[in-house]
Amino acid sequence: DTAVSQTPKYLVTQMGNDKSIKCEQNLGHDTMYWYKQDSKKFLKIMFSYNNKELIINETVPNRFSPKSPDKAHLNLHINSLELGDSAVYFCASSPFRTSGIYNNEQFFGPGTRLTVL
Amino acid sequence: KNQVEQSPQSLIILEGKNCTLQCNYTVSPFSNLRWYKQDTGRGPVSLTIMTFSENTKSNGRYTATLDADTKQSSLHITASQLSDSASYICVVSASYGNNRLAFGKGNQVVVIP
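Respectively, the protein sequence lines represent chains A and B.
Quick note on numbering: the numbering used here labels position 98 of the first sequence as 97, and the sequence is numbered without any gaps.
Quick note on numbering: the numbering used here labels position 48 of the second sequence as 52, and the sequence is numbered without any gaps.
Careful, some of the hints might be misleading.
[Unchecked claim] Some chain A residues judged to face chain B by a derived CB distance under 8 Å, without partners named:
{"no.": "1", "residue": "K35"}
{"no.": "2", "residue": "D37"}
{"no.": "3", "residue": "M45"}
{"no.": "4", "residue": "F46"}
{"no.": "5", "residue": "L53"}
{"no.": "6", "residue": "R62"}
{"no.": "7", "residue": "F63"}
{"no.": "8", "residue": "K66"}
{"no.": "9", "residue": "P68"}
{"no.": "10", "residue": "G108"}
[Claimed, not checked] No farther apart than 16 Å at their CA atoms in a straight line, the calculated lysine to aspartate or glutamate pairs in the EDC-like style are these:
{"no.": "11", "chain 1": "A", "residue 1": "K66", "chain 2": "A", "residue 2": "E104"}
{"no.": "12", "chain 1": "A", "residue 1": "K40", "chain 2": "B", "residue 2": "E9"}
{"no.": "13", "chain 1": "A", "residue 1": "K43", "chain 2": "B", "residue 2": "D88"}
{"no.": "14", "chain 1": "A", "residue 1": "K39", "chain 2": "A", "residue 2": "D84"}
{"no.": "15", "chain 1": "A", "residue 1": "K66", "chain 2": "A", "residue 2": "D29"}
{"no.": "16", "chain 1": "A", "residue 1": "K66", "chain 2": "A", "residue 2": "E52"}
{"no.": "17", "chain 1": "A", "residue 1": "K40", "chain 2": "B", "residue 2": "E58"}
{"no.": "18", "chain 1": "B", "residue 1": "K21", "chain 2": "B", "residue 2": "D88"}
{"no.": "19", "chain 1": "B", "residue 1": "K109", "chain 2": "A", "residue 2": "D37"}
{"no.": "20", "chain 1": "A", "residue 1": "K21", "chain 2": "A", "residue 2": "D69"}
{"no.": "21", "chain 1": "A", "residue 1": "K39", "chain 2": "B", "residue 2": "E9"}
{"no.": "22", "chain 1": "B", "residue 1": "K61", "chain 2": "A", "residue 2": "D17"}
{"no.": "23", "chain 1": "A", "residue 1": "K51", "chain 2": "A", "residue 2": "E23"}
{"no.": "24", "chain 1": "A", "residue 1": "K40", "chain 2": "A", "residue 2": "D69"}
{"no.": "25", "chain 1": "B", "residue 1": "K75", "chain 2": "B", "residue 2": "E19"}
Source of the hints: derived by calculation from the structure; they are not laboratory data.
Beta carbons: idealized from backbone N, C-alpha and C, even for Gly.
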């Protein structure tokens with residue numbers, strides 16, 4: 000009955016490969032996010048989708064492409080992986096409020112630790 | 005310079021003792037401030053959220069304060085337990101503009117018996 004789940008939990012791959020991380024939430028939320036947490040523990044928002052529509056796209060290389068097949072899923076596909084992509088990637092979700100997504104409590108998944116060799 | 009600065013970076017405390025974590029921010033115009041707890045190997049979990057008009061908010065042994073005039077917040081942990089060992093992240097939202105969600109680097113707390 001995990002609220003926000005991510006797969007895989009660990010991902011080790013070679014530079015140049017393409018990989019995907021999947022995220023699913025069963026909270027009935029309308030908004031989902033992808034965050035990157037680097038080795039210095041800074042959390043940085045990458046993308047946000049509301050009801051399958053992209054609403055936030057921070058300065059992220061276009062090698063990263065999010066895909067939302069429905070509002071319960073937000074997958075992250077990464078092309079041509081680089082060493083600097085090594086980090087923990089967190090998926091999160093929140094309910095939509097008229098006060099805006101920035102005022103919402105976000106529920107985070109357990110994270111996916113990506114290691115690029 | 006990061007818009008949210010937290011101190012101390014790390015802290016070791018004895019079980020049963022209290023501690024206070026600080027968060028200073030420059031985010032403007034201010035909308036709300038949240039404290040998250042992140043256990044090792046897990047995603048952050050929300051502890052408190054405060055808007056401009058709220059000075060203090062409690063969640064069990066966690067009490068957050070906010071001074072919107074000085075742009076400072078603190079998180080006080082009372083009677084610490086071993087399970088309080090975690091990173092505590094301060095997150096500040098702006099009402100509008102670019103970069104509306106700013107994260108602090110976190111306070112790493114270790115509680116020892």
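Hints, one by one, checked against the model:
no., hint, in the structure
1, K35, "violated (11 Å)"
2, D37, "violated (10 Å)"
3, M45, "violated (11 Å)"
4, F46, "violated (12 Å)"
5, L53, "violated (16 Å)"
6, R62, "violated (22 Å)"
7, F63, "violated (18 Å)"
8, K66, "violated (21 Å)"
9, P68, "violated (22 Å)"
10, G108, "holds (5 Å)"
11, A/K66 - A/E104, "violated (22 Å)"
12, A/K40 - B/E9, "holds (13 Å)"
13, A/K43 - B/D88, "violated (24 Å)"
14, A/K39 - A/D84, "holds (13 Å)"
15, A/K66 - A/D29, "holds (15 Å)"
16, A/K66 - A/E52, "holds (9 Å)"
17, A/K40 - B/E58, "violated (28 Å)"
18, B/K21 - B/D88, "holds (11 Å)"
19, B/K109 - A/D37, "holds (10 Å)"
20, A/K21 - A/D69, "holds (12 Å)"
21, A/K39 - B/E9, "holds (14 Å)"
22, B/K61 - A/D17, "violated (45 Å)"
23, A/K51 - A/E23, "holds (13 Å)"
24, A/K40 - A/D69, "violated (30 Å)"
25, B/K75 - B/E19, "violated (30 Å)"
Checked against the numbered hints given earlier, this structure breaks hints 1, 2, 3, 4, 5, 6, 7, 8, 9, 11, 13, 17, 22, 24 and 25; the rest are met.
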